[in-house]
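K.L.:
Sequence:
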Amino acid sequence: MTKNMHDVAYELQKAIAEHPDFQSLKVSYAEVQADAEAKQLFERFRMMQMELQQKMMQGEQLTEEDNQKAQEVVAMVQQNAKITNLMQAEQRLNVLIGDVNKIIMKPLEDLYNVYMQS
Numbered sequence: 001m002t003k004n005m006h007d008v009a010y011e012l013q014k015a016i017a018e019h020p021d022f023q024s025l026k027v028s029y030a031e032v033q034a035d036a037e038a039k040q041l042f043e044r045f046r047m048m049q050m051e052l053q054q055k056m057m058q059g060e061q062l063t064e065e066d067n068q069k070a071q072e073v074v075a076m077v078q079q080n081a082k083i084t085n086l087m088q089a090e091q092r093l094n095v096l097i098g099d100v101n102k103i104i105m106k107p108l109e110d111l112y113n114v115y116m117q118s
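Letter 79 of the sequence shown, counting from 1, is numbered 79 in the UniProt record's numbering, and no numbers are missing.
It is worth saying that the hints were derived from the structure and are not from the lab. On a predicted model such as this, the values are computed, not experimentally measured, just so you know. Do not take every clue at face value.
Computed Cβ-Cβ distance ranges for the label pairs, DEER-style [as the list claims (entries may be wrong)]:
1. Thr-2 - Asp-99: 21 to 27 Å
2. Lys-106 - Gln-13: 30 to 36 Å
3. Arg-44 - Thr-2: 24 to 30 Å
4. Ile-97 - Arg-46: 15 to 21 Å
5. Asp-99 - Lys-69: 32 to 38 Å
6. Pro-20 - Ile-103: 15 to 21 Å
Glycine is no exception: its CB is placed at the ideal position from the N, C-alpha and C atoms.
Can you build the whole structure from these sequences, using the hints too?
P.N.:
Listed below in structure tokens is the structure:
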């Protein structure tokens with residue numbers, strides 16, 4: 001009997017939410033949100049990221065001013081231990097999700113590899 005893929009996906013969603021890396025991310029995020037200075041700096045960092053991504057997606061070249069502003073914000077973020085902890089927790093969760101994605105995509109990869117070798 002074939003499993004319902006949506007049911008499996010919801011099980012995976014629950015497993016990720018219960019995983020220690022996600023729990024660590026939640027705690028780190030709450031710590032940043034509870035600290036007014038860290039919260040403001042983190043929001044500034046996120047806005048800068050989104051603005052730069054939007055420019056790049058629209059094919060715009062980043063200016064020297066863009067790069068300088070980004071470097072300044074990144075330097076401030078790196079000096080804030082709460083934000084640094086949050087970013088490290090996010091990175092650990094991203095690695096986990098990347099690993100899960102590789103596992104999920106393996107059948108497709110195998111399929112294409114079989115036909116590429118023919």
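K.L.:
Next, verify each hint and record whether it holds.
P.N.:
Hint-by-hint comparison with the structure:
1. Thr-2 - Asp-99: 21 to 27 Å: holds (25 Å)
2. Lys-106 - Gln-13: 30 to 36 Å: Since the Cβ atoms of Lys-106 and Gln-13 sit about 20 Å apart, the hinted range of 30 to 36 Å is violated.
3. Arg-44 - Thr-2: 24 to 30 Å: Cβ of Arg-44 to Cβ of Thr-2: about 48 Å, so the range 24 to 30 Å is violated.
4. Ile-97 - Arg-46: 15 to 21 Å: Because 19 Å falls inside the window, the suggested range holds.
5. Asp-99 - Lys-69: 32 to 38 Å: Taking Cβ atoms as reference, Asp-99 and Lys-69 lie about 34 Å apart, which means the hint holds.
6. Pro-20 - Ile-103: 15 to 21 Å: holds (19 Å)
Violation of the numbered hints given earlier is confined to hints 2 and 3; the remaining hints are satisfied by the structure.
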